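Residue 1 is where the sequence shown starts when you use my numbering, and the numbers rise one by one after that.
It is worth saying that the hints were derived from the structure and are not from the lab.
Since this is a predicted model, take the numbers as computed values, not measurements.
Cβ atoms here follow ideal geometry from the backbone N, Cα and C, with glycine treated the same way.
What you were told as hints is all true, and nothing was included just to trick you.
Restraint ranges, calculated between C-beta atoms of paired labels, are given here:
#1 Lys-9 <-> Ser-149: 41 to 49 Å
#2 Phe-127 <-> Leu-166: 21 to 29 Å
#3 Phe-71 <-> Leu-110: 22 to 30 Å
#4 Lys-9 <-> Val-154: 49 to 57 Å
#5 Lys-137 <-> Thr-5: 49 to 57 Å
#6 Ser-142 <-> Val-118: 17 to 25 Å
#7 Glu-165 <-> Val-187: 13 to 21 Å
Listed next, the in silico PhoX-like pairs over lysine-lysine satisfying Cα-Cα at most 25 Å (straight line):
#8 Lys-139 <-> Lys-175
#9 Lys-126 <-> Lys-137
#10 Lys-69 <-> Lys-173
#11 Lys-139 <-> Lys-129
#12 Lys-31 <-> Lys-9
#13 Lys-137 <-> Lys-173
#14 Lys-139 <-> Lys-126
#15 Lys-129 <-> Lys-173
#16 Lys-126 <-> Lys-69
#17 Lys-69 <-> Lys-129
#18 Lys-69 <-> Lys-139
#19 Lys-137 <-> Lys-69
#20 Lys-69 <-> Lys-175
#21 Lys-175 <-> Lys-137
#22 Lys-126 <-> Lys-175
#23 Lys-9 <-> Lys-30
#24 Lys-173 <-> Lys-139
#25 Lys-175 <-> Lys-129
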Amino acid sequence: MATTTFICKNCGSASYEQFTQTQVRCLNCKKIDEFDTGYRVIPEFQLTKGNDILNIEPIAAHVPAPLVKRFLNYIIDIFIISMLYVLYANATNMEIIANNATKLNNQETLILLVFYAVYYIFMEYKFGKTFGKIFTKTKVISLNQNELSFLQCVFRFACRIIPFELLSGLFTKGKFWHDSLPNTMVVDEN
Numbered sequence: 001m002a003t004t005t006f007i008c009k010n011c012g013s014a015s016y017e018q019f020t021q022t023q024v025r026c027l028n029c030k031k032i033d034e035f036d037t038g039y040r041v042i043p044e045f046q047l048t049k050g051n052d053i054l055n056i057e058p059i060a061a062h063v064p065a066p067l068v069k070r071f072l073n074y075i076i077d078i079f080i081i082s083m084l085y086v087l088y089a090n091a092t093n094m095e096i097i098a099n100n101a102t103k104l105n106n107q108e109t110l111i112l113l114v115f116y117a118v119y120y121i122f123m124e125y126k127f128g129k130t131f132g133k134i135f136t137k138t139k140v141i142s143l144n145q146n147e148l149s150f151l152q153c154v155f156r157f158a159c160r161i162i163p164f165e166l167l168s169g170l171f172t173k174g175k176f177w178h179d180s181l182p183n184t185m186v187v188d189e190n
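With the hints as constraints, model all of the structure from the sequences given.
Here is the structure:
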């Protein structure tokens, strides 16, 4: 059981700085020791990754990007995917419109889905953003404070093809299923 007052074992000083729940630093001799006064780290702060334990940084309060920017991202990205698909169709002499002006056949739909998947997964994994997000100065982040993982990017894409997914963010203040399910968020860049 911890005592009620910290006494440094090295110099006998009672003045200390507590920086985690169980660790203190003597203000006199700067020795780090174990002592629990019941102190709890303030939720707005976290330990800095890759540094010693004394470096504490504020946790960024992430705010989702506005729906207008998200909509613009979507329009730009769909336009780019469509243009890539048309370029591919022209390069391979695939007759998209000749079959039926109103719908794609199964092969064309599969090819378009592959373009869609490669575009979103590659761009978000490699850069954290698509061309639409570059234009609107937004990016995708992982809410677990780590880098965006490949699996999160794949899961984001898989969630995008859920029926009615485009409507999911309208009722949750811009938190679409392809954001909430893989634990990600689209935010404004700093």
